[in-house]
Structures are given as C-alpha cells and as structure tokens.
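A.B. asks: Residue-level listing of the chains:
Protein chains: 2
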Amino acid sequence: MNTADLGLPVAVPSTALFTDQYELTMLQAALRSGTAERRSVFEVFTRRLPEGRRYGVVGGTGRVLDAVENFRFDETILGFLRERGILDEPTLEWLADFRFRGDIWGYPEGEIYFPGSPVMRVEGTFAEAVLLETVILSILNHDSAVAAAASRMAVAAGGRPLMEMGARRTHELAAVAASRAAYVGGFHTTSDLAAGFRYNIPTVGTSAHAFTLLHDTERDAFTAQVDTLGGGTTLLVDTFDVTEAVRTAVEVAGPELGAVRIDSGDLLLIAHRVRQQLDELGATKTRIVVTSDLDEYAIASLAAAPVDAYGVGTQLVTGSGHPTCSMVYKLVARADSEEPGAPLRPVAKKSMGAKTSLGGRKWAARRPDADGVAEAEVIGTGPVPAELADRQLLVPLVSAGKVVAREPLDAARDRHIAARAALPLSATQLSRGEPVLPTEYV
Amino acid sequence: MNTADLGLPVAVPSTALFTDQYELTMLQAALRSGTAERRSVFEVFTRRLPEGRRYGVVGGTGRVLDAVENFRFDETILGFLRERGILDEPTLEWLADFRFRGDIWGYPEGEIYFPGSPVMRVEGTFAEAVLLETVILSILNHDSAVAAAASRMAVAAGGRPLMEMGARRTHELAAVAASRAAYVGGFHTTSDLAAGFRYNIPTVGTSAHAFTLLHDTERDAFTAQVDTLGGGTTLLVDTFDVTEAVRTAVEVAGPELGAVRIDSGDLLLIAHRVRQQLDELGATKTRIVVTSDLDEYAIASLAAAPVDAYGVGTQLVTGSGHPTCSMVYKLVARADSEEPGAPLRPVAKKSMGAKTSLGGRKWAARRPDADGVAEAEVIGTGPVPAELADRQLLVPLVSAGKVVAREPLDAARDRHIAARAALPLSATQLSRGEPVLPTEYV
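So the sequence lines, in the order shown, correspond to chains Z and E. Take the first sequence: its letter number 263 is residue 333 in my numbering, and every next letter is one higher. Take the second sequence: its letter number 85 is residue 155 in my numbering, and every next letter is one higher.
No lab work stands behind these hints: they were computed from the structure. Keep in mind that a hint or two might mislead.
Which copy? The list can't say, so a pair holds if one copy fits it or any two copies do.
[Unchecked claim] Straight line, CA to CA, 20 angstroms or less: simulated SDA-like cross-link-like pairs of lysine to any residue:
#  : residue 1 : residue 2
1  : K420      : E409
2  : K472      : V312
3  : K472      : T384
4  : K420      : D286
5  : K420      : L500
6  : K355      : P231
7  : K420      : R289
8  : K472      : P178
9  : K355      : N270
10 : K355      : G301
11 : K420      : D363
12 : K472      : A488
13 : K355      : R317
14 : K420      : G335
15 : K420      : R317
16 : K472      : V398
17 : K355      : P466
18 : K420      : L339
19 : K420      : D290
Given only the sequences and the hints, what does the whole structure look like? Please build it.
C.D. replies: Rendered as structure tokens:
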C-alpha cells in the first residue's frame with residue numbers, strides 16, 4: 071500500500087471531483103460568454119469566529135497545496151461528467167488540459183486568524199480559480215475547526231501531554247486530517263494508525279475494557295499486557311474497582327509500571343486517590359492518564375489534579391462545539407476584460423443581510439503595540455503602510471501553479487505556538503468572549 | 071480514475087489502518103496469553119440519543135460492509151507497524167493472513183434506533199472482532215449523525231425537494247459520506263460531484279455570486295448562464311437587488327425560467343415577494359429555491375412560504391448540532407476458553423459512573439400496539455418471545471466473513487421512510503423531547 075490507497079489528497083490522482091457542480095457549470099457559461107479568462111482574485115475569510123471564541127487557527131494549508139496539485143480531470147472523470155450530461159464538449163475539452171497555473175497566497179498553517187482575515191487568496195483566471203472553491207473550503211473549514219479546539223485544549227493542559235483519540239467519533243478519513251490538525255494545534259500524539267502512517271505523528275495506545283473482560287480475571291489481563299508490552303505500558307484500571315485494579319497493576323508490573331488509565335467517574339477525585347495509592351505502593355513514577363469525554367473545560371478543571379496526560383476524542387474531532395468554520399470563498403476583484411494586464415476592479419455582493427463582503431484584493435498585518443504584543447489585525451486594499459511592511463501575514467503558497475511553501479508539520483505547530491504567544495494574555499482565557507484582537511480596515 | 075482513487079473504502083486496498091493502535095497491541099497481548107481465539111461478541115450501541123432527539127437513524131451500514139471486506143494488512147502496512155516497533159513478529163505474521171471470517175448482524179441501514187439498540191453485533195474470535203472497533207464506529211457515528219439530521223429536515227420539508235450542499239463545510243471525503251447519509255435520510259440530490267460519481271446520487275447546481283460579479287452587469291451574467299444551460303436553469307437573484315434581478319431574470323430567460331435562488335435575507339418575506347413578482351411576470355411555474363444557513367427549524371418556518379426546494383449545507387453535514395453519535399463497541403460476551411464450541415459468558419464493565427453496560431448477546435424487536443404503531447424497543451438476551459419473533463430488527467450482514475446484505479442505496483432510503491412512518495406521531499415533532507419509544511429490557 072502507498073499513501074494513495076488511503077485516499078489522502080497528496081497521492082490521489084485527482085481531487086477534482088471534490089467540487090460542487092455549479093463550479094463547473096459556471097465555468098461552462100463563462101467560457102461561452104467570453105469572461106472565463108478574466109483575471110480574478112478570490113479570498114477565503116470568515117465573517118465571524120464561532121461564538122465566544124477569541125481567536126481562530128489556520129489548519130489544513132498543507133493539505134490544500136496537495137489538493138491543488140492533484141486537481142486534474144482524467145478520462146474517468148471527464149467520462150462521468152459527459153455521461154451525466156453535466157457539461158458540454160468544449161468545456162470537457164478545456165478541462166482535459168486543466169491545471170491550476172495561478173498564484174495562491176495565504177496565512178501560513180498554524181497562524182492565528184480573526185474575522186475578516188484573508189486566510190487564503192487565489193489569483194488567476196476566473197476559470198481556474200472558481201474551480202478550487204469547494205476543495206479549499208472543505209479542507210480549511212474542517213482542519214481549522216479541529217486546530218482551534220486543539221489549541222484551546224493545549225492551553226488548558228498547560229504543557230501536559232495530549233493524546234488525540236477521536237478517530238471513532240468522526241469519518242475515518244476526516245479522522246486522519248483531524249489528527250494532523252490536532253498536532254498543529256498542540257497535541258503530541260495520536261491513537262490513529264493512519265495518521266501515524268500518513269503524517270508521521272507519534273502513535274500511542276493503551277487497552278480497552280474489552281481486553282480485561284476477555285480474561286478470566288483482571289490480573290490475568292494485566293499480566294498478559296505486561297508480559298508482551300513490558301512494564302512501561304499503560305494499564306486500564308476502571309473496569310471493576312479502581313483501588314483493587316491499581317493494587318493488582320503494581321503487583322503485576324512492579325513499581326516501574328508506566329501508567330494507569332482512568333476512563334470514567336469523577337476524574338478529579340479518582341486521580342487524587344490513585345496518585346496517593348500509587349505513591350504508597352512505591353510506584354511514584356507511574357503516570358496517570360485520563361480519557362473520559364474531555365474537552366478544554368474538563369482539562370482545565372483537572373489542572374490541580376495529579377494527572378500526567380490527557381486523551382481526548384469526541385470534543386477534539388468535532389471542534390469542541392464548532393465542527394466547522396464559516397470560511398467562505400469570495401470573488402473580490404476581477405478584470406473588465408480577458409486582455410492580459412487589464413486592471414483589476416474590486417467587486418462585492420451588495421444585497422441585504424449579513425452576507426455583504428468587502429471588495430478588493432487585500433493585504434493583512436498584525437500590528438504590535440509598544441511592548442510587542444499584538445493589538446490589531448489590520449486589513450487593507452491600498453498600499454501597505456511602511457510600519458506594517460514586515461508584519462504582513464500572507465505568504466506565497468503557490469506561484470504560477472507551482473507549490474512553493476511545503477514545510478514539515480512541526481513548522482506549523484511551532485508557528486502556532488509563537489503566534490498565540492504574541493497575542494494579549496486574554497487570548498487564552500477559556501471563557502466566552504470577543505475576538506482578542508479587533509479587525510481594522512484601512 | 072476509478073473509485074479507489076477517491077479513497078472510498080469499497081475499492082481501497084485496505085482500511086486496516088483506520089484503527090486505533092490499542093486494538094493491535096491488545097491483539098498481540100491476547101495472542102501471547104492464549105485468549106485471542108476465544109469466541110467473542112461485540113455490540114455497537116449508544117447509551118443515549120443526542121439531547122432532545124426523539125429517534126436515531128442508522129447510517130453507514132453499507133460502508134461498514136465495504137470497510138470490513140477491505141480490512142487487510144499488506145506488506146506496506148506491516149512494514150510500517152514493524153518499523154515503528156508497534157508490534158512483534160508473531161503478531162505481524164498473524165496479521166499478514168488476516169481476514170475477518172466471523173459474523174456481523176445489524177439493524178439494516180435507514181432503520182430507526184433508540185438508546186440501547188444493538189445496531190450492530192460482531193461475532194468471531196476476540197482477535198478478529200477487536201480489530202474492527204474503530205473503523206466500524208467511525209463510519210456509523212459519522213453517517214448516522216448526518217442521516218438523523220437529514221431525516222428531521224426531510225420531515226420539516228414536508229415532501230419538498232432537499233438538496234445537499236454541505237461539501238465545503240466538512241472534510242472532503244466526509245462530505246461524500248455525508249451526501250450518501252443525507253440521501254438515506256431523505257434528501258433528493260447533492261451538489262457534490264464525488265458523491266454523484268461514487269454513489270450515483272443525482273447532482274445539481276445553480277450558480278454563485280462570483281458568477282454575477284464576474285460579468286459587467288447582472289443581465290450579462292444571466293444571459294451567459296441561460297445561453298449555455300438553457301431557460302430551465304436556476305438564476306441566483308440576490309447579488310444586488312432581488313426585485314430588479316427577478317425582473318431581469320424573466321426578461322432574459324422568459325417565463326419558462328426554471329428557478330430562482332435566494333441565499334440571504336428574510337427568506338419568508340422575500341419568498342412571498344418573489345413569488346408574487348414571478349406570477350405577475352407570467353413566470354407562474356418558475357420555482358423558488360432557498361439556501362441560506364438552513365436547518366430543520368428554518369425549513370419548518372418556511373412551510374407556509376412559496377418555496378419549492380431547499381438547499382442545505384452546514385447544518386446537515388454537521389448533524390444539526392450533533393456531529394457525531396455516541397455509539398460504542400463493547401464486548402458483551404466471550405467464551406471461557408479457546409475451545410471451539412465453548413459456551414459464551416456475558417461480560418460487562420462494572421465500575422462506577424454512567425458507562426456501565428448490559429452484558430450478553432442481545433436480540434432486539436420493535437413491538438407494535440394494537441393499531442400497528444410502534445410502542446417499545448424491546449431488547450433481550452434470552453429467547454425471543456413468540457409474539458416478537460417476526461419483529462426482530464437485527465439481520466445478517468456478514469456470514470462467515472462473506473458480505474450477505476448488499477443493497478442499493480434506495481433500499482435504505484425507502485426503509486427509513488417506512489420505519490419512521492411506523493413510529494408514534496410525536497416522533498416527527500421537531501421540539502426537544504424524550505426518545506419517542508421507551509427501551510424495555512427483557
């Protein structure tokens with residue numbers, strides 16, 4: 071098996087069908103009306119953060135690059151579109167040669183964002199840029215939601231290790247992307263072997279209640295596990311009676327037992343009891359891992375408990391109440407003709423309601439105060455003020471169709487930590503509040 | 071491209087890495103302790119429905135069957151597990167030959183479920199059954215969450231067509247599974263081309279504000295669209311001024327215009343105005359499609375509006391507030407030895423907290439009252455009472471490793487409609503409430 075077989079965009083022959091039908095029919099109409107080649111600028115942004123959240127985290131940028139590179143229409147795809155009568159022959163012919171040759175700029179992965187932040191900007195002909203809407207939004211909306219939840223959990227954990235264990239709570243391939251986004255947001259390991267395989271994230275595992283129940287006694291189960299995995303393993307101690315299980319665990323593994331896992335009950339209370347018991351048994355270095363429906367608030371509530379690591383599942387992979395971001399992909403400028411070099415004109419929807427957008431190709435910069443703490447997200451369409459020139463947030467990701475910003479996942483993870491550390495202190499309060507930086511338009 | 075290239079389980083060489091690491095290390099320990107071949111029964115169930123929900127909908131069964139069939143450990147996967155030091159050689163050798171040879175029973179796809187319903191039962195050796203935990207839960211938890219949301223929306227829509235348009239709001243492959251689950255739950259079409267390709271769901275599309283903004287005038291845009299897609303197309307009328315756009319639309323396309331789409335503002339008010347305007351313009355058969363952040367409540371609130379179809383995105387693919395189900399995979403019975411024919415013994419976790427389970431291999435039946443309306447979900451571990459014998463809910467899905475229950479997606483969709491229709495009337499109230507049927511254990 072190679073990575074293609076996991077269906078992950080990097081090695082999938084094509085991501086072109088991760089597309090809403092209207093993108094292709096708009097292409098067809100634009101080819102016919104002589105507007106398809108008008109130079110166009112699309113921007114990805116969100117009008118608001120999830121309610122109460124103080125910052126957003128860009129996740130998925132690296133996956134977008136893979137997806138754009140593999141966005142091709144091969145014979146099978148073209149045959150499908152033809153058979154279904156979705157497109158006419160000239161459009162199918164146009165697609166047969168398609169590859170994205172434009173430019174993409176964006177906030178690098180792990181960076182913080184706020185309402186209005188142009189987290190990605192796609193420039194090219196209308197035809198080539200309109201096609202990427204759905205696949206880009208799918209990736210950024212999903213991955214950023216998980217990365218944001220992970221970041222809050224990492225803050226709550228205060229440096230204690232975080233294990234991603236949510237594969238069973240989300241789509242099997244969304245789970246792999248979620249592990250990746252969680253790592254960017256500050257998690258340390260994953261239980262998901264596909265994520266370990268694909269993204270080289272360190273994998274971990276303990277055992278399930280089923281393993282204890284399979285054996286005639288809890289002692290038999292612990293013995294079996296220690297025999298094969300060694301005393302450094304993590305024994306699950308809440309299948310029957312925790313106190314008895316901890317005693318048995320240390321008897322079986324000795325005081326060098328790696329860790330015990332608690333998966334139910336009042337974790338604060340039980341962790342204290344188990345710590346005391348372990349210490350009394352001489353297992354002073356045996357760690358305590360907790361894993362029961364944790365979210366950032368539950369993690370924070372255990373800050374004073376003798377807990378050594380957290381395993382988080384459901385709430386992580388579902389974005390802790392916000393499973394998607396509300397990022398949109400909007401045309402903000404386009405040329406008046408197909409002539410090369412025709413000047414760009416800002417455009418924006420102007421109808422009623424909250425969906426109005428700001429036209430024009432934007433830059434963005436994070437302005438620090440005198441102490442170097444970020445004080446505003448500044449977004450503009452004109453020239454960049456000199457004092458913000460080296461504070462700009464958008465970087466080149468794709469130039470003339472070529473990916474120019476590949477990086478190891480650790481780079482995104484480190485960037486996130488640095489970006490978060492530059493925010494005002496209130497950024498990391500878990501309580502509900504407004505975005506920690508105002509967005510200023512200049 | 072073939073279906074493998076979309077990374078969907080049916081044609082992926084292996085789904086074996088969609089697995090949490092502990093399943094493999096438990097296997098290794100069980101092989102060592104001589105318990106791996108103990109006959110075991112695992113059941114999938116949920117302890118509760120999402121808060122306020124009156125019924126659950128089984129989604130993803132068909133995808134589980136594909137995943138089980140493709141759960142194989144090839145050289146690449148074994149190499150990864152070896153290099154990472156996750157497993158020892160005897161376990162790797164055991165896995166090299168692995169294929170699931172046990173039995174799977176389950177609620178057929180589209181069926182309704184309640185707290186405690188054994189929606190899937192996996193029987194085999196511990197070794198073969200424990201490995202399937204994560205991939206089965208991933209699929210059922212995700213797909214059932216979307217199917218349940220879709221079902222509520224379908225009830226709210228009262229027969230009006232529902233279009234799935236949520237690909238951009240979720241992981242690109244989760245989106246494909248979500249389209250499928252939405253179809254099972256009662257949606258009619260999808261905008262997601264990958265879902266059309268993979269599952270043959272009818273695809274649809276309109277156009278985006280970008281298309282209007284690309285052109286010099288709205289009239290130019292409408293003309294371009296009608297020229298190539300014909301007068302039966304759907305024109306988006308809320309980029310600038312709705313009244314003017316509707317007038318232009320009918321001028322351009324004539325009174326045979328297929329539909330107009332409204333994507334912002336007070337949909338109830340605007341739909342009435344647009345209907346009146348269309349009728350005055352003679353476009354009495356032009357349909358009105360609405361698409362702005364709809365959920366089941368918004369859909370219901372438009373019941374009296376002259377709306378002809380709904381397009382639903384975010385709230386559908388995120389389960390309308392409940393993006394995952396809380397299904398778990400628990401060992402409920404196992405043999406005392408590896409001897410073939412050794413009797414099964416019920417087992418269950420017995421620790422404190424809400425996670426206690428009921429041991430034993432279960433049957434389930436939906437008991438009707440004298441009028442044929444369902445009145446209870448009956449679950450038992452002993453003999454099935456004669457009067458419930460033909461009301462049983464579990465059907466064979468996999469027998470001795472062979473899939474025996476493939477069916478077209480429409481069969482699941484029809485089954486869901488029938489199962490929902492057999493529930494008490496209060497099942498389809500959108501208001502929060504208790505599960506519409508009590509679960510009785512006998």
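A.B. asks: A separate judgement is required for each hint: does it hold in the structure or not?
C.D. replies: Here is how each hint holds up against the structure:
Within a single copy, K420 and E409 get their C-alpha atoms no closer than 27 angstroms, and across copies no closer than 74 angstroms, so neither meets the 20 angstroms cut-off. When the C-alpha separation of K472 and V312 is checked against a cutoff of 20 angstroms, the pair qualifies neither within a copy, at 57 angstroms, nor between copies, at 41 angstroms. For the identical chains of this complex, K472 and T384 are neighbours neither inside a copy (37 angstroms) nor across copies (32 angstroms), given an alpha-carbon limit of 20 angstroms. Taking identical chains as interchangeable, the C-alpha atoms of K420 and D286 lie at most 20 angstroms apart only when they sit on different chains, with a minimum of 15 angstroms there against 70 angstroms within one chain.
Neither within a single protomer nor between protomers do K420 and L500 lie at most 20 angstroms apart by alpha-carbon distance, with minima of 36 angstroms and 34 angstroms respectively. Proximity of K355 to P231 under the C-alpha cut-off of 20 angstroms is restricted to the intra-copy arrangement: shortest distance 16 angstroms within a copy versus 61 angstroms between copies. With identical chains, the CA atoms of K420 and R289 are at most 20 angstroms apart between copies only, with a shortest distance of 16 angstroms across copies and 70 angstroms within one. Taking the closest pair of Cα atoms, K472 and P178 come within 20 angstroms of each other only inside a single copy of the chain (16 angstroms); across copies the shortest separation is 47 angstroms, beyond that limit.
For the homomeric pair K355 and N270, neither the shortest alpha-carbon distance inside one copy (28 angstroms) nor that between copies (57 angstroms) is at most 20 angstroms. For a Cα distance limit of 20 angstroms, the shortest separation of K355 from G301 inside one copy, 12 angstroms, qualifies, whereas the shortest one across copies, 74 angstroms, does not. Taking the shortest Cα distances, K420 and D363 sit within 20 angstroms of each other only across copies (18 angstroms), while inside one copy they are farther apart (44 angstroms). In this homomeric assembly, K472 and A488 never come within 20 angstroms of each other (Cα to Cα): the closest approach is 28 angstroms inside a single copy and 53 angstroms across copies.
For the identical chains of this complex, K355 and R317 are intra-copy neighbours only, at 15 angstroms inside a copy versus 76 angstroms across copies, given an alpha-carbon limit of 20 angstroms. Taking the shortest Cα distances, K420 and G335 sit within 20 angstroms of each other only across copies (12 angstroms), while inside one copy they are farther apart (54 angstroms). For the homomeric pair K420 and R317, the shortest alpha-carbon distance between copies (17 angstroms) is at most 20 angstroms, but the shortest distance inside one copy (69 angstroms) is not. With identical chains, the CA atoms of K472 and V398 are never at most 20 angstroms apart, being 24 angstroms at best within one copy and 45 angstroms at best between copies.
Taking identical chains as interchangeable, the C-alpha atoms of K355 and P466 are never at most 20 angstroms apart, the minima being 48 angstroms within one chain and 49 angstroms between chains. Taking CA atoms no more than 20 angstroms apart as the test, K420 paired with L339 passes between copies only; the shortest distance there is 18 angstroms, against 57 angstroms inside one copy. With identical chains, the CA atoms of K420 and D290 are at most 20 angstroms apart between copies only, with a shortest distance of 17 angstroms across copies and 70 angstroms within one.
Checked against the numbered hints above, the structure violates hints 1, 2, 3, 5, 9, 12, 16, 17; every other hint is satisfied.
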